[in-house]
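Work out the full structure: start from the sequences and follow the hints.
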Amino acid sequence: MTRQILFSALLVVSSGYAFVKGGRPEQIGAATLLGGAGLSVLAASPAIHRFEHVETGILLTDLAILGVFLWLSLRSNRFWPMWVAAMLADEVILHVMLQTVPNVVPRAYMHAIAVWSWLAQIVLIAATWRHQDRLKRRGADAPWKS
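Using the numbering used here, you'd call the opening residue of the sequence shown number 3 and step up by one each time.
Among the clues, some could well be false.
Claimed, not checked - Label pairs and their calculated CB-CB ranges:
hint: 1; residue 1: Arg139; residue 2: Met99; range: 13 to 21 Å
hint: 2; residue 1: Lys147; residue 2: Arg109; range: 39 to 47 Å
hint: 3; residue 1: Gln6; residue 2: Ala142; range: 24 to 32 Å
hint: 4; residue 1: Ala45; residue 2: Ile95; range: 31 to 39 Å
hint: 5; residue 1: Leu121; residue 2: Gln101; range: 20 to 28 Å
hint: 6; residue 1: Pro108; residue 2: Met84; range: 43 to 51 Å
hint: 7; residue 1: Ile50; residue 2: Arg139; range: 47 to 55 Å
hint: 8; residue 1: Ala11; residue 2: His113; range: 14 to 22 Å
hint: 9; residue 1: Arg139; residue 2: Gln101; range: 43 to 51 Å
These aren't lab readings, by the way, just hints derived from the structure by calculation.
From the three backbone atoms N, C-alpha and C, an ideal C-beta is built for every residue, glycine too.
Encoded structure:
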């Protein structure tokens with residue numbers, strides 16, 4: 003339970019920071035990660051059977067979030083969405099690999115997909131900080147490619 007509380011706190015801090023201090027790409031990324039976390043909770047299997055098999059609802063959520071970050075990677079002037087997209091691609095691969103190797107310990111499956119969510123929050127914080135740094139140094143930080 004402590005892990006969920008700590009993740010929720012990190013999610014609120016990273017998203018709040020991005021909403022207040024980030025540019026439009028950071029805000030879209032924050033909304034996507036926040037919404038994805040909520041959808042993952044709703045889409046997960048019942049607790050008694052969670053992570054025993056491929057979590058299809060979480061997989062579909064991860065695919066949708068991956069789509070948003072691929073779009074951000076192509077449209078924004080930021081490099082960080084590509085990092086988050088790569089992390090989400092890793093999550094999707096882990097879901098798919100469970101089909102090939104079904105005897106994975108459920109707890110290992112859970113931790114393997116969860117680690118990328120933690121790292122994505124840290125990347126969002128760093129991206130927002132870098133946006134603020136560019137604003138201080140240059141006075142502007144164009145969010146989108148021409």
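Provide an ascending list of the numbers of those earlier hints which the structure does not satisfy.
-> 1, 3, 4 and 6
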